[in-house]
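Visitor: The primary structure of each chain is shown beneath.
Number of protein chains: 4
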Amino acid sequence: MPGNSFGQRLRITTFGESHGAAVGVVVDGFPAGLSFPHERIARKLARRRPGTSRLSSQRREPDEVEVLSGVSPDGRTLGTPIAMVVRNVDNRGRDYAELADLYRPSHADYTYEARYGLRFVEGGGRASARETVGRVAAGALAEALLARSGIDVVAYVAQVGDVRAEIEDEAALTVEAVDANDVRCPDPAAAAAMVETIEAARKAGDSVGGVIRLRACGVPPGLGDPVFHKLTADLAAAMMSLPAARAFEVGEGVRAASMRGSEHNDAFVPGDDPKRPIRTRTNRSGGIQGGISNGEILRIGVAFKPVATIFRPQDTVRRDGTPVEYVARGRHDPCVVPRAVPIVEAMAALVLADHLLLRLGARVEEVP
Amino acid sequence: MPGNSFGQRLRITTFGESHGAAVGVVVDGFPAGLSFPHERIARKLARRRPGTSRLSSQRREPDEVEVLSGVSPDGRTLGTPIAMVVRNVDNRGRDYAELADLYRPSHADYTYEARYGLRFVEGGGRASARETVGRVAAGALAEALLARSGIDVVAYVAQVGDVRAEIEDEAALTVEAVDANDVRCPDPAAAAAMVETIEAARKAGDSVGGVIRLRACGVPPGLGDPVFHKLTADLAAAMMSLPAARAFEVGEGVRAASMRGSEHNDAFVPGDDPKRPIRTRTNRSGGIQGGISNGEILRIGVAFKPVATIFRPQDTVRRDGTPVEYVARGRHDPCVVPRAVPIVEAMAALVLADHLLLRLGARVEEVP
Amino acid sequence: MPGNSFGQRLRITTFGESHGAAVGVVVDGFPAGLSFPHERIARKLARRRPGTSRLSSQRREPDEVEVLSGVSPDGRTLGTPIAMVVRNVDNRGRDYAELADLYRPSHADYTYEARYGLRFVEGGGRASARETVGRVAAGALAEALLARSGIDVVAYVAQVGDVRAEIEDEAALTVEAVDANDVRCPDPAAAAAMVETIEAARKAGDSVGGVIRLRACGVPPGLGDPVFHKLTADLAAAMMSLPAARAFEVGEGVRAASMRGSEHNDAFVPGDDPKRPIRTRTNRSGGIQGGISNGEILRIGVAFKPVATIFRPQDTVRRDGTPVEYVARGRHDPCVVPRAVPIVEAMAALVLADHLLLRLGARVEEVP
Amino acid sequence: MPGNSFGQRLRITTFGESHGAAVGVVVDGFPAGLSFPHERIARKLARRRPGTSRLSSQRREPDEVEVLSGVSPDGRTLGTPIAMVVRNVDNRGRDYAELADLYRPSHADYTYEARYGLRFVEGGGRASARETVGRVAAGALAEALLARSGIDVVAYVAQVGDVRAEIEDEAALTVEAVDANDVRCPDPAAAAAMVETIEAARKAGDSVGGVIRLRACGVPPGLGDPVFHKLTADLAAAMMSLPAARAFEVGEGVRAASMRGSEHNDAFVPGDDPKRPIRTRTNRSGGIQGGISNGEILRIGVAFKPVATIFRPQDTVRRDGTPVEYVARGRHDPCVVPRAVPIVEAMAALVLADHLLLRLGARVEEVP
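The listed protein sequences correspond, in order, to chains A, B, C and D.
Start counting at 1 in the first sequence, then tack on 52, and there's your number in my numbering.
Start counting at 1 in the second sequence, then tack on 52, and there's your number in my numbering.
Start counting at 1 in the third sequence, then tack on 52, and there's your number in my numbering.
Start counting at 1 in the fourth sequence, then tack on 52, and there's your number in my numbering.
Simulated from the structure, these hints should not be mistaken for laboratory data.
Everything hinted at is true.
Where chain B lies over chain D, by a calculated footprint (3+ residues, C-beta under 8 Å):
| hint | segment |
| --- | --- |
| 1 | 76 to 86 |
| 2 | 197 to 203 |
| 3 | 405 to 412 |
Ideal Cβ positions, reconstructed from N, Cα and C, are used throughout, including at glycine.
Assemble the whole structure, with the sequences as input and the hints as a guide.
Guide: Written out as structure tokens, the structure is:
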């Protein structure tokens, strides 16, 4: 029940503060016998790591994951909990001394203190996006499981500030195409404009928000557990648990509110593939109907606010309520969205892998 | 773990199919000693009931709730599970005979069968919005608990099709103002246009989507359990578990993606009220920062797709994959949004009441 | 998390007070497509019903179960929650008037008030063994699922007071043999002595405790989820959640404490049946090793205290602490054990069915 | 849901194999603001460590705990997850080479393979008692929380083989008295006989079982959540999840089965202490009535089988079913019970701390 675990049948528990000893994750319920995907995990962590492009924070963290448990000496998962730890090495505590007594605007400083009576001042503690390291490692593991089942998850930056990407064929997207530029937007023209937008924000000492979209191909029909663990609900919880997430949508999302049923409904049609005899002509539902996957491409979007750290004077208060002016210092991304791409993928993979396992035994004939 | 329970410390389990014997809910973890709010529950159920205005379905259900357990003979909650049941009386099974063999477009017919191998054909079974009766009854109970703590939840229709309401002061909203018109939009001009939009859709044999917004006043700072049970995450799961929900947002929501940090950040300022010495000047965060409430007004929105049932010929397939044309018959709302207002309130109340209880013992000095 | 739900993948939630409107259960996670076992449920409920022999309480409850949800019109489980309700009809509230202000010794009157500040006085409210009606109905459903998988659960009375049964071949036990006498002990000589013990207690206005043993045949190897959901742990929780349960054991149980390893270890031997190539020569482990089933007969025992209601003067206190003498009146079993037999079976069946489902997907090659 | 987490409001997740890199635990839901009890944890771990007396295994593990998260730089708990890791250093893998292909009798070798298709051969992997290191560290943390509330938990060895201790005043027991001898039995005469029993078993290449009893003083009335999270049920699950546990009892336990109600009932009497106006004259209930604490001393017992590793030839089979003779080698305790004392305390402390937090908000007037 406490808030640091996610998932039902496949459950992760993350731990760690930004400037504590380490961040990490315990993955429980992962099936036994999978060749442990060390490389996939390393690759995924590298994608979220700061300091790899001029667009992101210059914090240097090697982010090498140590696997403490759950893997046999010959490299297969054991079915037991898989604990993974990443050390925090670049802890410049001195940058944070002045923050102990004041609340940074739109950070979690005030709310953590309201809840717990104290907070880990340095680096935002648990509220830092560094907490997502554990999610990404666990998500890579989940992706390896999904890959065996032919499920493939790709996210990309669809919007930065007012710049929106146009992607014609989401099914054809690849991680390579996404990673072809620093902003992780597979629409090259939009990507260039996004880079400009981010650079402009940086030069202004400001930050800017954005949108990530994700599609999953190969999701079989029948995933999602009505009523409260609908795929929509679990994906929404997954995404809205991310730092700075402010909106979530599936399929046509907010646009559906303006549509008529005759525009939005997806007609069923016979499928060409004998393995998929029933398809939909359109996919406004984004692959989920009644909270359960229908086998079409799963499509979601997540909107992120601009990061709260800006290098301009801001009004705030001290713990005792007295007003004070605050100007941030240190290393911070002007736009979190490019680095959030692998994080969104990780959370989607965790939800899908969980539901792949939860699906087992939904019918009595499947019980041996 | 199975999907029909929601909440951690305060947990509801709903049951029932649209055209089965009954729908209902078991509420577990509700504190003992509250005077049972029979009237509040009846009032709330009446608000979601169909057949009460020309805008909604003409199904006639008295929706009288029977309380089976959890209340003492003198009308106080016992701390034990509260089971509430509402009988289904207006089951016109004959309307559904032709549906047994085909999949209605954008309904859950196909996906339920994909998961379970069979489905309750009549009325959509468990996928019907009638499932929400139990949520509303439980939500009214949660509202009674919140009311004791000074927390007040009001939702309203903010958009129908392309018509958007303008609400200047969300804090001042009342249920009475919301219910002043059939469409439950407290902006009278917009309300009139919404009614026209809905009527036009009805006449066209079509349906239309919309948006509900909700604000909660009086939420104390410190609710929300990082990381995965952030208030944002739990609210998102709650709302995206609703039938036809397609998008969720908090605070500025999707608009935040286009904003710069200097536009979005909420400066902290000294408060006028000595009980609330620290406030924010603006409330773009919608009352939640780092997933924890900051004491400002909680603001969320939920977008709903147009209901899938339309009275126009649609392409679909039979179970064996052969194409067929389908035209809906029977009783159906052209727009679900006005009736969803109390449902959205119920889910928000359940999340807030859960977190009010989860908050207890977050600090060691609170443990007796 | 609240206390009225049990099970992980197959989860029951019970509700109801002894003298409220009804008792019942919601079963969530039950696989779809099973022919609903109305008769099995009725038969099982009849076995726990009071008033059916001179050994048990004379309360008259028809205990007819009404199924509110989760079953299709043609009688198959839908995969959705199955709600079952049994009305309380024989509520002689007048018997309890004097109890409102005092605490019956070794009942839950005092502790419920200590927790909740109030209690449902009549009939012990939620603390009554009547709460188990829902467990038994759900357990019968679980047994039907187990039966498909060749798993067969039988419990019997192994001890009443100082009288112990001798059962040579637990595998050969049948429900019919158990139910051949009122005391549900398949050792006829012991059964006769048990009846005498119970009658003697009744005549003395007293009560007497006892032990129930259970064996399950056909449990496949591999059920049980280390570490905290070992089969031993889940069975222990199941049994120790029963009213009046005071001890639980598996295999040799407490006797194992006096044994040496060379006496207790179960040697592995080749099996005669090609489907079961590996067996154990003895079965002191009771079918569970390292918390996981090994395919041998599962054997557990549960000890129950004598029921607290006796018809002799007892010292107790009023709510304000003043001493008072109390003599019970009304209808009460002098020995709860015979009627607890189907309840123990129900709980064991629920645990095993849960683990049958939890077992799915433990290996990566099982994930489709 | 997966099996490596325990607790509701205070939840631990353990991980690690005996001969993997490390064992550890993540504690979630621990209240913020407690001075982190480094010393208490070290002391507790030292008590379970092997190699500290001639009675226990000679494996040398320093068992130094590293705290990775959840503690502020000035040493207070943050309310965030507390991850603790203990490295495995004395991994003599060569001892286990011959075991890869055979199943040791009454170990978990066969059942782990039955479940997962593979196992961590060296040291028993996750099935090793080394898994309890995480429980003990977390339990020490829970004990620190309980200590603030005046709750004090002490366990001791009550039986080894046929030797039983006589303890007159359980309330007066101290950890110091328990630890006064190697066997952790505070009855000196019995302790001497137990040492002899263990030594005799060792010389015979054999092992021997035993019983641990635990008492908790200062438990306030009202802990325990009916129906399925009764204190009895949660304690039973906690104890029966321990390696080698075979029976659990509360209060009079199995003896209650032979008693009459007039012998077993605990009369309520006025208390001398104005803070405890209602007491029981006797405490056969062991401090729990109806699954809820009544404020009297909590008394439970756990029986452990003799450890499966013995140094005598035993029959067993290889993976392919062929018979083989097996003789254990290496380092193993002839009796696990003395070292299990701190483990039993840890699990009891975790259950009580969990329920201390779960108790909050049981009454509506406690909700702020």
